[in-house]
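I would like the entire structure built from these sequences, with the hints used as guidance.
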Amino acid sequence: SLVVATADHSHGLTFSGYCGRGSPVTGLCYDIDTSGAPWEGKRHASAPLTDIRGNPITVAAFATGPVSSAELALNASVLAEAGVSFMAPSAWHTDYERHSGEDVITFAWGAQAHLFTGTFDEHYIFHAVRQAMMAAAPSPVGTSVGANAGAVAAAACVGSLLGVIVGAVAMIFFSRCSRRKAQPMLREHAQPKSDVSLEQCPARSSRSTLAARSQPSV
Numbered sequence: 001s002l003v004v005a006t007a008d009h010s011h012g013l014t015f016s017g018y019c020g021r022g023s024p025v026t027g028l029c030y031d032i033d034t035s036g037a038p039w040e041g042k043r044h045a046s047a048p049l050t051d052i053r054g055n056p057i058t059v060a061a062f063a064t065g066p067v068s069s070a071e072l073a074l075n076a077s078v079l080a081e082a083g084v085s086f087m088a089p090s091a092w093h094t095d096y097e098r099h100s101g102e103d104v105i106t107f108a109w110g111a112q113a114h115l116f117t118g119t120f121d122e123h124y125i126f127h128a129v130r131q132a133m134m135a136a137a138p139s140p141v142g143t144s145v146g147a148n149a150g151a152v153a154a155a156a157c158v159g160s161l162l163g164v165i166v167g168a169v170a171m172i173f174f175s176r177c178s179r180r181k182a183q184p185m186l187r188e189h190a191q192p193k194s195d196v197s198l199e200q201c202p203a204r205s206s207r208s209t210l211a212a213r214s215q216p217s218v
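The UniProt record's numbering numbers the first residue of the sequence shown as 1 and each following residue consecutively.
Honestly, I wouldn't trust all of these hints.
Claimed, not checked - Okay, the calculated beta carbon distance ranges per label pair:
(1) G163 to H99: 52 to 58 angstroms
(2) E122 to G17: 27 to 33 angstroms
(3) H93 to D8: 24 to 30 angstroms
(4) A136 to S175: 41 to 47 angstroms
(5) D51 to G110: 45 to 51 angstroms
(6) I52 to W92: 17 to 23 angstroms
(7) D103 to P24: 23 to 29 angstroms
(8) V169 to A136: 17 to 23 angstroms
(9) M171 to V129: 44 to 50 angstroms
(10) V166 to S1: 35 to 41 angstroms
(11) S35 to T117: 41 to 47 angstroms
(12) A113 to A60: 30 to 36 angstroms
(13) T94 to S16: 17 to 23 angstroms
(14) V3 to H123: 16 to 22 angstroms
Since the hints were derived computationally from the structure, they do not count as laboratory data. For glycine and all other residues, C-beta sits at the position ideal for the given N, C-alpha and C.
The following block contains the structure:
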């Protein structure tokens, strides 16, 4: 089995830095208390952090949303409230929070989970799931045959090696058979024929030939 968990989009949510320990995620960002000893931990101070305009900074903030930073600064009830109903401010004031284009995380467990590593486009997930299904496709007898890239590569190498061995054995076998067929023919051509006499092929000496060529013509 293969389990893949991901998201279709992200949101413009970000978290402010330098918030002391104990600052609520849905509340204001309190400064780090540096007065205590290091082994006591860096807990937050009594006053929240503020921006250059003196507005308090929240732990969480959005790029778009129904609460602007100006409204957050003027509304004391929103500042005092911390919990599920706390409305984090946004840089752009919209009727609702919008989607963003940041990368999302993809988790994978099980067979072929190694295909979901690194950074990839969203349409790659479809092809990776398809590849995982093909690697564990049902066999003709109805059982599931699990395979991975290493097993497929090993099977291909073994098949190629067997093909080379079979081809070499076949070449040796046919070469020996051709030699056995050629040996009787060579013996037959090597034996002299009795019906051919030496008189039919007279041999001329090189001296008589040279003498005949040296005589001048009249």
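Distance restraint hint 17 to 23 angstroms, applied to the beta-carbon atoms of I52 and W92: The hint (17 to 23 angstroms, Cβ to Cβ) holds, given that I52 and W92 are roughly 19 angstroms apart.
Distance restraint hint 17 to 23 angstroms, applied to the beta-carbon atoms of V169 and A136: violated, 36 angstroms
Supplied distance hint 35 to 41 angstroms, evaluated on CB atoms of V166 and S1: This hint holds: roughly 39 angstroms between Cβ atoms.
Distance restraint evaluation - T94, S16, Cβ atoms, bounds 17 to 23 angstroms: For S16 against T94, whose Cβ atoms are near 20 angstroms apart, the range 17 to 23 angstroms holds.
Supplied distance hint 52 to 58 angstroms, evaluated on CB atoms of G163 and H99: About 55 angstroms separates the Cβ atoms of G163 and H99, which means 52 to 58 angstroms holds.
C-beta pair V3, H123: status relative to the range 16 to 22 angstroms that was hinted: Taking Cβ atoms as reference, V3 and H123 lie about 20 angstroms apart, which means the hint holds.
Assessment of proposed distance window 44 to 50 angstroms (beta carbons of M171, V129): holds, 46 angstroms
Outcome of range test on Cβ distance (A113, A60; 30 to 36 angstroms): Holds, at about 32 angstroms.
Supplied distance hint 24 to 30 angstroms, evaluated on CB atoms of H93 and D8: Given a distance of about 25 angstroms, which is inside 24 to 30 angstroms, the answer is holds.
Whether the CB-CB distance between A136 and S175 falls inside 41 to 47 angstroms: holds, 46 angstroms
Distance restraint hint 23 to 29 angstroms, applied to the beta-carbon atoms of D103 and P24: Holds - the Cβ-Cβ distance for D103 and P24, about 27 angstroms, lies within 23 to 29 angstroms.
Beta-carbon spacing of S35 to T117 - inside the hinted bounds 41 to 47 angstroms or not: holds, 45 angstroms
Hint compliance for this structure: hint 8 is the single one not met.
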